[in-house]
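Top to bottom, those sequences are chains A and B.
Just so we're aligned: the first sequence equals residues 1 to 489 in the working numbering.
Just so we're aligned: the second sequence equals residues 1 to 424 in the working numbering.
On the chain A side, residues computed to face chain B include the following (Cβ under 10 Å): (1) T53; (2) G65; (3) V157.
These are computed hints drawn from the structure, not numbers from a lab.
The beta carbon of each residue, even a glycine, is placed where N, CA and C say it ideally should be.
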Amino acid sequence: MSGTTSVPGLWDRLVSVALVGTERKPVPDELVAGVGTLVGDVPGPRAEDVVLTAAAALATYRRVGQGAAHGDGPVPAPMGDDGRQPVSAAAGQLLGLLVDGHVRVLGGPVPLIDDWLRRCAATGRRPPERLLPALLDHATRVRALRPAVVAAGGATVAWLGRQNPAWEWAADEPSRTEGGPTDGGDVWRTGTSAARMAWLGERRAVDPGDARRQVEDTWKGESAKDRALIVAALRAGLGPDDEAFLEAALDDRAAAVRVAAADLLAGLPTSALAGRMAERVRALVAGPPWRVALPESIDAAARRDGVVDTGAPAATGKRTWWLIQMVGAAPLSIWPAPADAVDRAPSDLVRGWVRAAGRQGDADWSRALLRVAPDPALLAALPPGAARDLLPVGLEHAPDPALAGLLAATPGPWPELLSRWVVQRLRAATQAAAVDRALVGLAGAADVATIADLERWIDDLEKHDHLRVALAHVTHALSIRHAIAQELP
Amino acid sequence: MKAARGLAHRRTWSELGCTDTLVFGRCQGSGRLPYQVTVDLTGPAYRCTCPSRKFPCKHGLALLLLWVEHGDAVGDVGEAAVADFARARPRPTAPGRTEKAAPVVDPEAQARRRAEREATMSSGIDELERWMGDLVRQGLAGARRQPYAFWDEMASRLVDAQVPGLAERVRGIGGQLAGRLDWADVLLAEIGRWELAVRAWRGRERLGDDLVGDLRVFLGWHRRGDEVAALPRLADTWVVAGVRQDELEQVVSQRTWLYGEATGRWVLLLDFAAAGGTLRTAQTVGSVVEAELAIHPGADPPRGVLGEDHRVVGTGALPAATTVAAAVDRLAGELAANPWRERLPVALADVVVLHDHDRWWLQDPAGDRLPLRRVVEPWLLLSLTGGRPATVVAEWESGALHPLAVAPSNPSALAVRLADPVPL
Numbered sequence: 001m002s003g004t005t006s007v008p009g010l011w012d013r014l015v016s017v018a019l020v021g022t023e024r025k026p027v028p029d030e031l032v033a034g035v036g037t038l039v040g041d042v043p044g045p046r047a048e049d050v051v052l053t054a055a056a057a058l059a060t061y062r063r064v065g066q067g068a069a070h071g072d073g074p075v076p077a078p079m080g081d082d083g084r085q086p087v088s089a090a091a092g093q094l095l096g097l098l099v100d101g102h103v104r105v106l107g108g109p110v111p112l113i114d115d116w117l118r119r120c121a122a123t124g125r126r127p128p129e130r131l132l133p134a135l136l137d138h139a140t141r142v143r144a145l146r147p148a149v150v151a152a153g154g155a156t157v158a159w160l161g162r163q164n165p166a167w168e169w170a171a172d173e174p175s176r177t178e179g180g181p182t183d184g185g186d187v188w189r190t191g192t193s194a195a196r197m198a199w200l201g202e203r204r205a206v207d208p209g210d211a212r213r214q215v216e217d218t219w220k221g222e223s224a225k226d227r228a229l230i231v232a233a234l235r236a237g238l239g240p241d242d243e244a245f246l247e248a249a250l251d252d253r254a255a256a257v258r259v260a261a262a263d264l265l266a267g268l269p270t271s272a273l274a275g276r277m278a279e280r281v282r283a284l285v286a287g288p289p290w291r292v293a294l295p296e297s298i299d300a301a302a303r304r305d306g307v308v309d310t311g312a313p314a315a316t317g318k319r320t321w322w323l324i325q326m327v328g329a330a331p332l333s334i335w336p337a338p339a340d341a342v343d344r345a346p347s348d349l350v351r352g353w354v355r356a357a358g359r360q361g362d363a364d365w366s367r368a369l370l371r372v373a374p375d376p377a378l379l380a381a382l383p384p385g386a387a388r389d390l391l392p393v394g395l396e397h398a399p400d401p402a403l404a405g406l407l408a409a410t411p412g413p414w415p416e417l418l419s420r421w422v423v424q425r426l427r428a429a430t431q432a433a434a435v436d437r438a439l440v441g442l443a444g445a446a447d448v449a450t451i452a453d454l455e456r457w458i459d460d461l462e463k464h465d466h467l468r469v470a471l472a473h474v475t476h477a478l479s480i481r482h483a484i485a486q487e488l489p
Numbered sequence: 001m002k003a004a005r006g007l008a009h010r011r012t013w014s015e016l017g018c019t020d021t022l023v024f025g026r027c028q029g030s031g032r033l034p035y036q037v038t039v040d041l042t043g044p045a046y047r048c049t050c051p052s053r054k055f056p057c058k059h060g061l062a063l064l065l066l067w068v069e070h071g072d073a074v075g076d077v078g079e080a081a082v083a084d085f086a087r088a089r090p091r092p093t094a095p096g097r098t099e100k101a102a103p104v105v106d107p108e109a110q111a112r113r114r115a116e117r118e119a120t121m122s123s124g125i126d127e128l129e130r131w132m133g134d135l136v137r138q139g140l141a142g143a144r145r146q147p148y149a150f151w152d153e154m155a156s157r158l159v160d161a162q163v164p165g166l167a168e169r170v171r172g173i174g175g176q177l178a179g180r181l182d183w184a185d186v187l188l189a190e191i192g193r194w195e196l197a198v199r200a201w202r203g204r205e206r207l208g209d210d211l212v213g214d215l216r217v218f219l220g221w222h223r224r225g226d227e228v229a230a231l232p233r234l235a236d237t238w239v240v241a242g243v244r245q246d247e248l249e250q251v252v253s254q255r256t257w258l259y260g261e262a263t264g265r266w267v268l269l270l271d272f273a274a275a276g277g278t279l280r281t282a283q284t285v286g287s288v289v290e291a292e293l294a295i296h297p298g299a300d301p302p303r304g305v306l307g308e309d310h311r312v313v314g315t316g317a318l319p320a321a322t323t324v325a326a327a328v329d330r331l332a333g334e335l336a337a338n339p340w341r342e343r344l345p346v347a348l349a350d351v352v353v354l355h356d357h358d359r360w361w362l363q364d365p366a367g368d369r370l371p372l373r374r375v376v377e378p379w380l381l382l383s384l385t386g387g388r389p390a391t392v393v394a395e396w397e398s399g400a401l402h403p404l405a406v407a408p409s410n411p412s413a414l415a416v417r418l419a420d421p422v423p424l
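Turn these sequences into a full structure, and let the hints steer you where they fit.
Encoded structure:
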C-alpha cells in the first residue's frame, strides 16, 4: 500500500485535520476514500462525522495492528552458574522480612542484614535471588553493607552490578559506563568529586601508596575544597610513607587543608611533626611526679604544626587548650609506662593523653586512661578484639552517661561473658536516660545468651516502667539474630 | 462533586447494597449517627438523612460514585448468588447486606425499567457524540488547553446518564495528555474508541452477546448479582498464571489470570476489597485449581467467577507459552474482537531480558521482542533469570508488558527441585 492509503498514512492525515479542527481545515478526499474502503460505507455527511468515523476505524486498526519489534543485535551473555546451593527456606524468609522492612528492629535492620549476609557467605550457600535487587539498593545507600553483599551475593551480584550503573560498586569487571574500582585512571581524572573521593577511599584500602601517588599527580590542579577532602580521605591506610606529602601540605594556602594534614601527622608517632611536639612538651612538662607549665604563647612553627586557638572544650582556658593539643600530638613513647604515668596525673595531661591515644591506638594507654577518663575514642582507636577486651575496664569506671558511648565504640559481636557483663552493668545504672541510649549498642552487638538475662530484667521491672518496652525491643532484635544464627550455622 | 469524591471511599460506608433499582448505604459523616442514603436509579432520586439543603446532597453523589466505580464491591448481593450456585453455605464475612426481597417481582415492570435505563443511556451517549463533534470541529489543540473542568463536566453528565465507565475514561483523559509528545495520537485514539462505543451502542440489537457484554463493561453497565447465576459454566483445571493488584482510593482491585489446561483458554477473575481487607481469591501463582467457572459474555479472554466449590490439585505449573510472534497474533485477534480491551495476558517462552534503545525488552530466540512498560524495573527479572532464557507471564497494556511471573527455562543443574514460577 502506498503511504497515503495505508493505515499509518491515513492516521497521520487524520491527526493533522483533527488538531486544527474541521472548521479550519477540510477533510482531504483521500482520507474519506481511504476510510470508506476500510469501513465499507462512506461516512458523512458532515466533516466531523467523517473525522469521528475515521478515528473509530483507524484507531482500532492501529491498535490491532501493533506488531512486535525486532532486534538484530547480539544477546548479552547470561551470567555463569552460581554453583552454590540456596539457603534454607526459613533463612530466606528471615532475610526477606528484614529487607522488605516488615520487621522493625531497634537500631534498624542493617546490622542484622549484615550479620545474615556474613553468615550466609560463611556457609557457602546463596541468598534468595528475589531479594538481591533490594539488597543491592540497600547497600548502595549504606556503604557499610557492601562487603557483606558482595561476599554473600557471589556471581549473581557481580553480574547484576554490571547490568545497573547504580550497582557498579558490586561488579566484578568494569561496566560499560565507568571504570571500576581497580581501574583508577578514569575515575580519578574525570569523575565527580563524590565519585573520586569514594574511589580514593577504596584504593587506599588496597594500595595506599599508589593512591597517594595518584593524589600527588593531580594535586596542583585541585580546588581548595577538594584538597581538604583528599587529605581527610588519606586517613584510610595512613602510614609513614605519607609523611612527606603531608608535611608539605602543612604549608598549603587553605586553612582547612593545613588543619587536616596536621591532624593526620599527629597520628604518626614517627613523623617529624610528632617529634617537634615532643620537644615542645618536654620543655613544659616534667615528672612524674608531674609539674606542668602552661605555654605563654604560640609561635608560628607551632601554629604550622596545627595548634589552634579555637575548638577548646567547655571551661578550658586558651593556654590549657594549647597544652592539651601539644600533648595530644606527641608520641606516647616519650612518657613513662602508662600505669605509672596516669597515676595522680593532672587532668590537663590526662586529656592530652586521651587525644594521643585516640590517634595512636595503644591498648596499654587505653587501659590506663579508661580508669580515669571513659572516652569512647580510647576504644574506637583499637582493633575490635582489643576494644572488646578493654570494655569491662571502661564500664567499671565510667559514670552512667558515658556508657552509651563506650558500647557504641566497641564493635560486635561481643562474646557471651562480655555481653552478660554489659547487661549487669546496665541494670546497676541509676540514670534511666543513660540506659536508654545504651540499649541501641546492646541490640546490635550482644550475644544471644543475654536474652534470658534481659527477660529476667523485664520481669523485675514495674509494670508501667517504659524501660520494659525498650528492653522488649532489644530482645526482639537479639532473637532475630539468634534465629539467623540457627538457620545459618 | 469534589465533596462527593471525598466521600466515595469504601471505609466511610457501611451496610452497602444494591438491588435492581436501588443503591443504599450508611455514610459516616460529621454527625453522631451515620446518614442513611438511598439512591433510586430509575429517577434518579436521592434520599438522605443528612441536614444538607443541596439536592442531590454530596452523600447521594458519593454513594453513586462508589457504586459505579466499584460496582462489584457494593454488589455483594452478587457474591451471595454465586454462593448459591456453588451449593455452599453463605459466606460468613459478607460485608454487604443480602439482597432485600424486591417488593414486586414483576417482569413487565422490570422490562420497563430496563427500557428506561437504556433510554437514559442513549441520550447521554448521543450527547457525548455531539460533544466529540464539537471537539474535532474546533480542533484538538484547543481541547488540550482546556482545564480539567472541561472533561469533568462531560464526565458528570455521563454519570447522570448511567454510563459511568465512559465517564471515567472521559474524566481521565485530560490528565494523560500533559507532557507527552504523542498526545494528539493518544487523544484521537481515545476519541476513536468512544465513537466506536457510540456506534456499537446504537447498533446493539444486531451485535452478538459477546460484543454487547464487552460493550457493557466499557460503558459501565454492570451485571447484577442475580444475573450471574444464569451464566454459562466452564469446567477445567486452571493454572493461576499471574496476579496483579492495583489500589485506587482505598479500594484494592486484583486481577487473577487463569489458564485452562484442557481448553487452552484464558479467564480473568476480578476481586475487590477495601484497603486492609482480604481478597477473596487468594491463590498462589503456579497453583492448579480444579473448578467450574461462571463465564461472563465477552470476547476471549472473558471474565469469570470462581465458585465456592473448587480445589487445588497442583503447584508450580505454568501456562502454555509461545513465541512473541504467536503471542502478538493472538493479541491482535483478541483486540479485534473486543476493541475496548485494556489489558491482556501473554505467556512468552524462552525470552531474555535485554536493554536496547533506552528501553528494556523481552526478546525471544527469533529476535522478536516486546517492550517492558516504562514504569517497570527489570532488576527482579534479571536477578531471577540471570540473563538466561525464561518463560515470562505478563499483562500486555498499550503495547508494553507488565511482567507477572517468571520461571527459568533451564533451571540450574544444581537445583534440588524445579523452581516454582516466581510471582513478581
